[in-house]
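Given the coordinates of chain A, assemble chain B onto it according to the supplied hints.
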Amino acid sequence: GENVEQHPSTLSVQEGDSAVIKCTYSDSASNYFPWYKQELGKGPQLIIDIRSNVGEKKDQRIAVTLNKTAKHFSLHITETQPEDSAVYFCAASRGNLIFGKGTKLSVKP
Amino acid sequence: DTEVTQTPKHLVMGMTNKKSLKCEQHMGHRAMYWYKQKAKKPPELMFVYSYEKLSINESVPSRFSPECPNSSLLNLHLHALQPEDSALYLCASSQGRANEKLFFGSGTQLSVL
Numbered sequence: 001g002e003n004v005e006q007h008p009s010t011l012s013v014q015e016g017d018s019a020v021i022k023c024t025y026s027d028s029a030s031n032y033f034p035w036y037k038q039e040l041g042k043g044p045q046l047i048i049d050i051r052s053n054v055g056e057k058k059d060q061r062i063a064v065t066l067n068k069t070a071k072h073f074s075l076h077i078t079e080t081q082p083e084d085s086a087v088y089f090c091a092a093s094r095g096n097l098i099f100g101k102g103t104k105l106s107v108k109p
Numbered sequence: 001d002t003e004v005t006q007t008p009k010h011l012v013m014g015m016t017n018k019k020s021l022k023c024e025q026h027m028g029h030r031a032m033y034w035y036k037q038k039a040k041k042p043p044e045l046m047f048v049y050s051y052e053k054l055s056i057n058e059s060v061p062s063r064f065s066p067e068c069p070n071s072s073l074l075n076l077h078l079h080a081l082q083p084e085d086s087a088l089y090l091c092a093s094s095q096g097r098a099n100e101k102l103f104f105g106s107g108t109q110l111s112v113l
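Protein chains in written order, with the numbering used here: chain A, 1 to 109; chain B, 1 to 113.
Simulated from the structure, these hints should not be mistaken for lab results. Some clues are possibly wrong.
[To be verified] Derived CB-CB ranges, DEER-like:
(1) Lys-40(B) x Pro-109(A): 23 to 33 Å
(2) Lys-108(A) x Lys-40(B): 14 to 24 Å
(3) Glu-83(A) x Met-27(B): 18 to 28 Å
(4) Gly-14(B) x Lys-104(A): 18 to 28 Å
(5) Glu-100(B) x Thr-69(A): 22 to 32 Å
(6) Met-27(B) x Glu-39(A): 12 to 22 Å
(7) Thr-2(B) x Leu-40(A): 35 to 45 Å
[What the hints assert, rightly or not] Cross-link-like lysine to aspartate or glutamate pairs, in silico, EDC-like; alpha carbons within 20 Å at most:
(8) Lys-101(B) x Asp-49(A)
(9) Lys-37(A) x Glu-3(B)
(10) Lys-9(B) x Glu-24(B)
[To be verified] Among chain A residues calculated to face chain B with C-beta under 7 Å, some are:
(11) Ala-29
(12) Tyr-32
(13) Lys-42
(14) Ser-93
(15) Arg-94
(16) Phe-99
Backbone N, C-alpha and C fix where the C-beta goes; we use that ideal spot for every residue, glycine too.
Bound-form chain B, shown alone:
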């Protein structure tokens, strides 16, 4: 299995809602990432987990809260988002050196109303 699976594929939420994005991989990768991608832009790093511990937080607002329950799962909890947070949220994983040979999921397309 060489896939990173993200759910849901699409999500529409209001500014007062709480929702979660989920990511799963079964490749034995020990690093997992959350990226945000706006239309026609490159991915922007949000968080990195290494061996289930948060190793990088790229100054992301606290309305985004990551969680790594185990080595195969990564969640992103969303609360009180703003319309400008609408974007494609990508999960990725890698083995070996951090930030090398990333496997990306297909993403969750998030719309905040």
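Bound conformation, chain A alone:
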């Protein structure tokens, strides 16, 4: 079955810096890759997603890149703000959604 590895498990950056979170997946048939943000006391919120026929997608300060050959995808957050502090989960799917273990991002003012 699919296995998704996510790194790093924790990430601390200064406000205004960029943050990058990386995930690798094992099933080459996976074709959908979402990223969820979970703030304390809340459920996960979809922030961006990408399909396997696209290499990159941007939405304001957030971007996701996908390398199908290497089977890895990354989340890039530019100009980080304190409100970006949360746990971020990547996931891969070819039907069933498999989550990575999460990255706790802390943005220091």
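Then chain B, alone, in the frame of chain A:
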């Protein structure tokens, strides 16, 4: 309305109790999900309902019983739970392809004593 509403927000129950978790969405989504999340772990899929029919049961113990009374409501009935069942229970919904673009509720934090 782009919310998934879950009640109650917190629940404490004994191992002999029967309780129910409720979930409601008014986005017209036809797929609804129950996930279980332990502290500092990713969500784990429990059940999926598609068009009000159970389509996926991820080998969940029978002490958890899902119910989908209509396209807007999803319940999770709990009976004879164990302390290790203590977790955050998340409801989600989606439109279109299954398991894509999930909207999650804030969850019910369950403690089993």
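Comparing the hints with the structure gives:
1. Lys-40(B) x Pro-109(A): 23 to 33 Å: holds (24 Å)
2. Lys-108(A) x Lys-40(B): 14 to 24 Å: holds (21 Å)
3. Glu-83(A) x Met-27(B): 18 to 28 Å: holds (25 Å)
4. Gly-14(B) x Lys-104(A): 18 to 28 Å: Taking Cβ atoms as reference, Gly-14(B) and Lys-104(A) lie about 33 Å apart, which means the hint is violated.
5. Glu-100(B) x Thr-69(A): 22 to 32 Å: holds (23 Å)
6. Met-27(B) x Glu-39(A): 12 to 22 Å: holds (21 Å)
7. Thr-2(B) x Leu-40(A): 35 to 45 Å: 21 Å Cβ-Cβ, so the 35 to 45 Å window is violated.
8. Lys-101(B) x Asp-49(A): holds (8 Å)
9. Lys-37(A) x Glu-3(B): With Cα atoms ~16 Å apart, Lys-37(A) and Glu-3(B) stay inside 20 Å; holds.
10. Lys-9(B) x Glu-24(B): holds (13 Å)
11. Ala-29: violated (14 Å)
12. Tyr-32: holds (6 Å)
13. Lys-42: holds (5 Å)
14. Ser-93: holds (5 Å)
15. Arg-94: violated (10 Å)
16. Phe-99: holds (4 Å)
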